[in-house]
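Enquirer: These protein sequence lines are chains A and B, in that order.
When we follow numbering that gives the first Met the number 0, the leftmost residue of the first sequence carries the number 0, and every step to the right adds one.
When we follow numbering that gives the first Met the number 0, the leftmost residue of the second sequence carries the number 0, and every step to the right adds one.
Keep in mind the hints are simulated off the structure, nothing from the lab.
Ideal Cβ placement from N, Cα and C applies to all residues, glycine included.
Please note: incorrect hints may appear among the correct ones.
Chain B regions said to be covered by chain A (calculated; three or more residues, Cβ under 8 Å) [as the list claims (entries may be wrong)]:
1) 55–63
2) 84–93
3) 101–110
Cβ pair distances, simulated, as ranges [to be verified]:
4) B:A53 x A:E99: 40 to 46 Å
5) A:R24 x B:D79: 34 to 40 Å
6) A:R24 x B:A84: 37 to 43 Å
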Amino acid sequence: MRRKPGALVPLEMAICTAAANLRRRGSDEFHGYEMAKTLGDAADTRLLTAYGTLYRALGRLEKMGLVQSRWEDPAVPARENRPGRRLYTLTALGEAAAEEARRAQKAVTQKRPRRRLAPA
Amino acid sequence: MDPLLFSAIALVRGWTRLYTSGMEPGSRNGRRAEIESDLWEFHEDARRRRYSPAGIAAHMLLRLVAGLPHDVCWRVESVDEASRARGRAAWLTANAAGVSACVAAAYILFLVTYLVSLMPLPDSARVERTFVRTARSLPPPPAPLPPPLPPIR
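Please build the complete structure, drawing on both the sequences and the hints.
Expert: Below, the structure written as structure tokens:
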């Protein structure tokens with residue numbers, strides 16, 4: 000099934016929300032593995048998001064203008080003896096999408112009826 | 000390095016190479032570098048947390064297998080986009096070539112007209128001789144028609 004252009008799937012909304020949370024904690028940029036870990040922590044699962052799923056979602060978000068990316072300065076990974084990271088930043092549009100997702104999540108949580116104990 | 004972990008990393012790298020092969024260098028190298036970075040970060044993080052190499056390998060393989068359909072979809076989407084971009088480029092090139100050909104034709108026409116206008120006119124005596132010779136070779140003009148008859152009363 001094809002989805003509507005511009006519509007976000009739950010993973011993309013989760014990425015926007017996680018990126019907004021990271022920003023609130025003072026980390027403006029994130030890389031793929033960091034996002035996978037943040038999503039895993041948020042969902043309280045040990046299995047991280049699959050490679051293909053995560054990077055395809057990030058690519059789609061970038062195309063939609065919700066995140067933007069850049070490759071870090073090659074001197075940094077060379078100094079730290081590791082592969083270079085692609086760093087993503089949430090754009091203003093992404094921030095708005097995260098806020099929208101948060102509001103929608105809140106509305107769903109409030110609508111859910113509370114369980115009442117059945118009389119004994 | 001543990002052989003199981005080595006095999007898992009090799010599998011992830013091999014699959015990434017396979018599904019990105021034949022793509023545009025930008026997309027291909029970007030995706031490969033991104034997966035390489037993820038593998039390294041994950042390995043280092045798991046090692047710091049003292050996960051067993053077999054556990055790390057299993058986790059890597061699970062992440063690989065779960066993402067296979069998305070990898071294939073990503074490739075199809077990227078190749079489609081690239082071919083669409085090529086189509087757009089071909090259309091623009093054809094249009095530009097057409098406009099250039101029209102401008103060139105108009106310029107050549109103008110140039111030829113201008114050069115012809117600069118050329119000296121033919122000698123008037125020669126033109127007259129040619130005209131007279133042509134006139135003589137033509138048959139004589141037909142006799143004029145008789146005047147109309149007066150109306151009958």
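Enquirer: If a hint holds in the structure, say so; if it doesn't, say that too.
Expert: Against the structure, the hints come out as follows:
Under the rule that three or more residues need a Cβ within less than 8 Å of chain A, the assignment of the region 55–63 of chain B holds, with 4 such residues. As drawn, the region 84–93 of chain B meets chain A at 0 residues by the rule of a beta-carbon pair under 8 Å; below three, the given contact is violated. With 0 residues bearing a CB less than 8 Å from a CB of chain A, the region 101–110 of chain B misses the requirement of three and the coverage assertion fails. Between B:A53 and A:E99, the C-beta spacing of about 42 Å keeps the proposed range 40 to 46 Å intact.
Range check, A:R24 to B:D79: Cβ separation about 38 Å, and the 34 to 40 Å hint holds. For the hinted restraint 37 to 43 Å between A:R24 and B:A84, the CB-CB distance of approximately 38 Å keeps it satisfied.
When held up to the earlier numbered hints, the structure conflicts with 2, 3 and fits the remainder.
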